[in-house]
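Generate the whole structure from the sequences, applying the supplied hints.
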Amino acid sequence: MSQTYVVLNPFDGEVIGQFDFASQEETQAALDKLQKGKKVLAQIPAFERSVILNRLADLIEKNKEELAMLVTREIGKTLLDSRIEIQRSANTARCSADECKRQSGEVLDSDAYPPARGRWGVVHRKPLGIVLAITPFNFPINLALHKLGPAFAAGCPLFFKPTPQCYFSGQRLTELCYEAGFPQETIQCCVPDVPELTEIVRGNQVQVISFTGGVPTAKAIAKEAGFKKLLFELGGNDPLIVMDDGDIKKAVQTAIQ
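Under this note's numbering, think of the first position of the sequence shown as 1, with each following residue one higher.
Please keep in mind that the hints were generated in silico from the structure rather than gathered at the bench.
Where is the CB? At the ideal position from N, CA and C, for every residue including glycine.
Don't take every hint at face value.
To be verified - Mimicking DSS-like on lysine-lysine, the simulated pairs with C-alpha atoms at most 30 Å apart in a straight line are:
| hint | residue 1 | residue 2 |
| --- | --- | --- |
| 1 | K250 | K38 |
| 2 | K126 | K39 |
| 3 | K101 | K228 |
| 4 | K33 | K101 |
What the hints assert, rightly or not - The following label-pair restraints were derived from C-beta to C-beta distances:
| hint | residue 1 | residue 2 | range |
| --- | --- | --- | --- |
| 5 | E61 | V123 | 50 to 60 Å |
| 6 | V122 | N91 | 25 to 35 Å |
| 7 | E61 | D32 | 26 to 36 Å |
| 8 | D20 | G121 | 44 to 54 Å |
| 9 | E61 | G246 | 34 to 44 Å |
| 10 | G181 | E25 | 20 to 30 Å |
If you want it as structure tokens, here you go:
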């Protein structure tokens, strides 16, 4: 039986909404759609994927205030910082659109090392397959775009799993993707609970796992993932040294930023 998650505004405890974690059947249905998405994306040329991503950037900017307010209500970030995040998200979509047209292979000459054989090696890049994208709470839209944009540009369907606290911003971003022209088979926003998510990590239906979050969770994913391609962006704990002749006020402001 699915568990219900209640999204509360961390500032004042307001109930933003609630949802049920995706069941095993719902999770499998999303994966089945994405399997079809491999063929769907293969029929969308790079220039058209670029157009779609640029359209998504336009829609993000058009809905900037709505998205910023949603992020602020979900995680308690200041509205100013949320607006900055949404603008960065649009920029990320446009960068991904540019990369659609820059994907290229290589031609390697066999005479670089003896014996020279008079042959050429051709490197041709192809999509890896379905990407499982697990995103954190602190930049729920922009860090989702960091995964979503490159995956779509490369022709890979995306299983988008936002953190539960950011369920509604994740759903809204997915709606904007569909409005921009993403076929539904190319991105599915789905939030299963830990047991169902672990089965996806263990199974063979996704080929790439892109995770942003903490080191313990990354270790747990790596332990279960087998030979999948793993892309981890993890937390840091970095020292800040202010010299005796440093500007203390400026150093404090820089550290906060």
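Looking back at the hints listed earlier, which ones does the structure fail to meet? 1 and 5
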